[in-house]
Amino acid sequence: MSNYVEARAKLDNALNFVEPDGPEWIKAKAAIAALDQAQVAEIQRDFINATRRLDDAVAKLKAILAGLTPDPASQFIAEVRGALRLITPVVQNVEALLSGEPASALPGTAVSNTPSFPTAAELSVPPVREFSRDIVEKPAADISGSGAVDAMIEDILRREGGFVDHPNDRGGPTNFGITLRSLASWRKHDVTRDDVRRMAQPEARDIYKGRYFLQPRIDTLPAAIQPLMFDMCINHGPGTAIKLLQEVLQASSPPCSVDGGVGDETIQSAAKALTAVGPETLVNTLVDRRVDLFEAIAAKDASQKVFLKGWRRRAEEFRQA
Amino acid sequence: MGFMRVAWAALLILSAMGCAVTPQTKQSLSSYTLAMAQVEQSADMFLTDFSNGLKVQAELSSLGGAATPPKPDYPHTLQLPDDGSTPPSPAEERVRQTRQALAVVHAYNQALVALAEGRPESEIRQGLLGLGAELQTLAGVAGVAFPPFAPFVGIGTQIIQLAQDAANRKQLEQAVLKGRDPVHEILKTLAQQAPAMYDLSVVGTLQAQDRLRDETRRTASAMKGLVARSSPPTDPGVTSRVAADQAVLDAIGRKTNTLAAMPVPYAYIAGRPTYDAATDRQTQIFIRSIVVSAQKYDELIAKQNAYHAMLLQYVELLKRTGEALDELARSLTAPVDLHAEVFNLLRTAFSLRDAMAAYRHPAAVS
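If you're matching them up, the sequences are chains A and B in order. The first sequence begins at 828 in the numbering used here and counts up by one. The second sequence begins at 121 in the numbering used here and counts up by one.
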């Protein structure tokens, strides 16, 4: 280091005796730049050498944490806890219905029970969409907190219902809207139909928040479209949902690239579109595109037509007057 | 600030003391967690600085170095985004790995907390979720993928399950003890990175000094041209003023290694109009510009010294944190007098906090 500083100082001193920005000056500057580059290369080598043993340490620590496995006794306790979690929503639903509130879907039942329960409107309480709008009218900074996400998750849980294993459902067994494949990917190991059925609501919430809200960076989008985008991510997968948004934003100026990932360009385009057309138009355009997508799926595969009505209803819940 | 909230999330878990751990363990755990939050906060700052420095140097290198390109002084909390056109350099990859290592250490600390406190599941879960959200926010700010997020929550779920009964707590205790070596290794690695971080900061500071010197030399050259249009002053007031100005320029020239370029003494040319008060007023404009550059030069030195002090404190904190970890592990199984250790650890953490404040406000450094 001291050699570098010394050599550099000598070259710099030469600048005192030449015409500023003249040919000799430029030559000395190029020599200083070359010295700097060599020094930076050496620094990088030093840094890499200093960090060399990090991989091993991280691997060891991860292995220690990942190697923790419950013993059979605590596994049993965990299963009892899981069973208790399954019962709790039933009790809560009974209480909710008795007090005139909409009931949540029941985990562990054979089919989603949501359609058979009275809708929120029929119970003369504010419909779900009103609740969402109340959230989206807050500035983005406020709604990025965990409270707002939790409220969105509540909405989604109401829509998704409990365990479903419809033969025509391309996602296979699904609980709280989480498919077998999504759960396996989340837990990082294979899971069975029973694992999906037994999945407790807190884990579903974790998956929603981690996999479908934070990971695809929905929290960085304008607040007005976050609830819809969150729901779309869960329903269509983050890649498809973000592409749908980007396709809508292609009409903006400059047009947004369609790559299925939220980056600075998408965030800025969405913010600009929101300012240009307003939240209602942007949300409703997205709802239209989503309905188009549902219809295209049903047109392509006749077995999916059975879901079309429910899909449409789900999309229309977000439409703004 | 994200990491403050991360620290808060850790402290949330600590705040309500629950079950059968000794007061010493509680105290050392609190101190260790506080110290680690400070380690994370400062490591994040140094890594961001280092990563930004590498990007800026790569950019300067691509310009060929023929001119002195402008280089904004980026705030240390802002991580410059990857432009995507070139893959990150091996050193930048190492920066990412270091961040990941810190995240893994954080998960390990969560295990420590869960073990020692036996906190209710809901609170532990909340803390982990808060942490995950913070890390993701950090990733958003940094503009890079942050791989540990998903495994984190998985690990968290395991920890919650494991912390709930005695048999598993015993198993976890063993895991914590086994984890000491890799954590030490990570802390040591962080310390070993410090010299390279400092060296890169020196390159950046020297380049910033270059820019100020270049401005001074250009101004001095223009000033020489102005003086050369005059013959020596005859007014005693102007003569006295010129002498004082030359003393100022001489001092600045010596300090900034630009003396040979300075108009000291003024090179008048006989037969030209006399250097009078009107000419002197023009000269003052140049001198003011040189004085301002010299003040910035002083600020750069103060800032570099503050950075040096901060890195020293950081390395000291890493060392103390490792020692506190050892004491903590001992206190899990035996009563240990932790007073001295705790005092030293907190004193070091506070010194680093002060050094960071000095770095952010270099003018306050005497």
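No lab work stands behind these hints: they were computed from the structure. The structure displayed is predicted, hence computed values, not measured ones. The beta carbon of each residue, even a glycine, is placed where N, CA and C say it ideally should be. Some clues are possibly wrong.
Just a sample of chain A residues kept apart from chain B, beta carbon distances all over 10 Å, derived [said to hold, decoys possible]:
#1 R835
#2 D848
#3 Q866
#4 R880
#5 K889
#6 D1017
#7 K1070
#8 A1078
#9 L1135
#10 R1139
#11 A1148
In the BS3-like style, the derived pairs of lysine-lysine whose C-alpha atoms are separated by at most 27 Å in a straight line are [unchecked claim]:
#12 B:K175 with A:K889
#13 B:K175 with B:K308
#14 B:K344 with A:K837
#15 A:K854 with B:K344
Pulled a few chain B residues facing chain A out of the computed Cβ check, cut under 10 Å [as the list claims (entries may be wrong)]:
#16 Q327
#17 D355
#18 G357
#19 V358
#20 T359
#21 A364
#22 D370
#23 A381
#24 P385
#25 P393
Hint by hint, here is what the structure shows:
In this structure R835 (chain A) is not separated from chain B by more than 10 Å, as the shortest Cβ-Cβ distance comes to only about 6 Å. A Cβ of chain B approaches the Cβ of D848 (chain A) within 10 Å, the least distance being about 8 Å, so the stated non-interface status is violated. Its beta-carbon lying about 6 Å from the closest one in chain B, Q866 (chain A) breaks the requirement of being farther than 10 Å from that chain. With a closest Cβ-Cβ approach of about 6 Å to chain B, R880 (chain A) is found to fall inside the 10 Å limit, against its non-interface label.
Look at K889 (chain A): its CB is around 6 Å from the nearest CB on chain B, not clear of 10 Å, so calling it non-interface is violated. For D1017 (chain A), the requirement that its beta carbon stay farther than 10 Å from each beta carbon of chain B is met, with the minimum near 15 Å. No beta-carbon of chain B is positioned within 10 Å of the beta-carbon of K1070 (chain A); the least distance is around 19 Å. A1078 (chain A), annotated as away from the interface, keeps every beta carbon of chain B farther than 10 Å; the closest lies near 25 Å.
With a least CB separation of 33 Å from chain B, L1135 (chain A) remains clear of the 10 Å interface cut-off, as annotated. Every beta carbon of chain B lies more than 10 Å from that of R1139 (chain A), the smallest distance being close to 32 Å; the non-interface claim holds. With a least CB separation of 33 Å from chain B, A1148 (chain A) remains clear of the 10 Å interface cut-off, as annotated. Distance check on the hinted pair: K175 (chain B) and K889 (chain A) sit about 30 Å apart at the alpha-carbon level, beyond 27 Å; violated.
At roughly 25 Å between alpha-carbon atoms, K175 (chain B) and K308 (chain B) fall within 27 Å of each other, so this suggested pair holds. A threshold of 27 Å between alpha carbons decides the hint, and for K344 (chain B) with K837 (chain A) the separation of about 24 Å falls inside it, so the pair holds. Between K854 (chain A) and K344 (chain B), the direct Cα distance comes to roughly 23 Å. Compliance with the 27 Å bound is thereby established for this hinted pair. Restraint check, Q327 (chain B) versus chain A: the minimum CB separation of about 7 Å is within 10 Å; hint holds.
A least Cβ separation of about 31 Å between D355 (chain B) and chain A goes past the 10 Å threshold, and the interface hint is therefore violated. At its closest, the beta carbon of G357 (chain B) sits 31 Å from a beta carbon of chain A; the interface hint therefore is violated under the 10 Å criterion. Evaluation of the V358 (chain B) hint against chain A yields a violated restraint, the C-beta minimum of about 27 Å exceeding 10 Å. The closest approach between the C-beta of T359 (chain B) and any C-beta of chain A is roughly 27 Å, which is over the 10 Å cut-off, so the hint fails.
For A364 (chain B), the shortest C-beta to C-beta distance to chain A is roughly 23 Å, which exceeds 10 Å, and the interface hint is violated. Taking 10 Å as the C-beta contact cut-off toward chain A, the hint placing D370 (chain B) at the interface is violated, the least distance being around 14 Å. With a cut of 10 Å, the hint placing A381 (chain B) at the interface with chain A holds, because the nearest CB-to-CB distance is about 4 Å. Nearest Cβ of chain A to the Cβ of P385 (chain B): about 16 Å, over the 10 Å cut. The hint is violated.
The beta carbon of P393 (chain B) comes no nearer than 25 Å to any beta carbon in chain A, farther than 10 Å, and the hint placing it at the interface is violated.
Hints 1, 2, 3, 4, 5, 12, 17, 18, 19, 20, 21, 22, 24 and 25, counting from the list given before, are not met by this structure.
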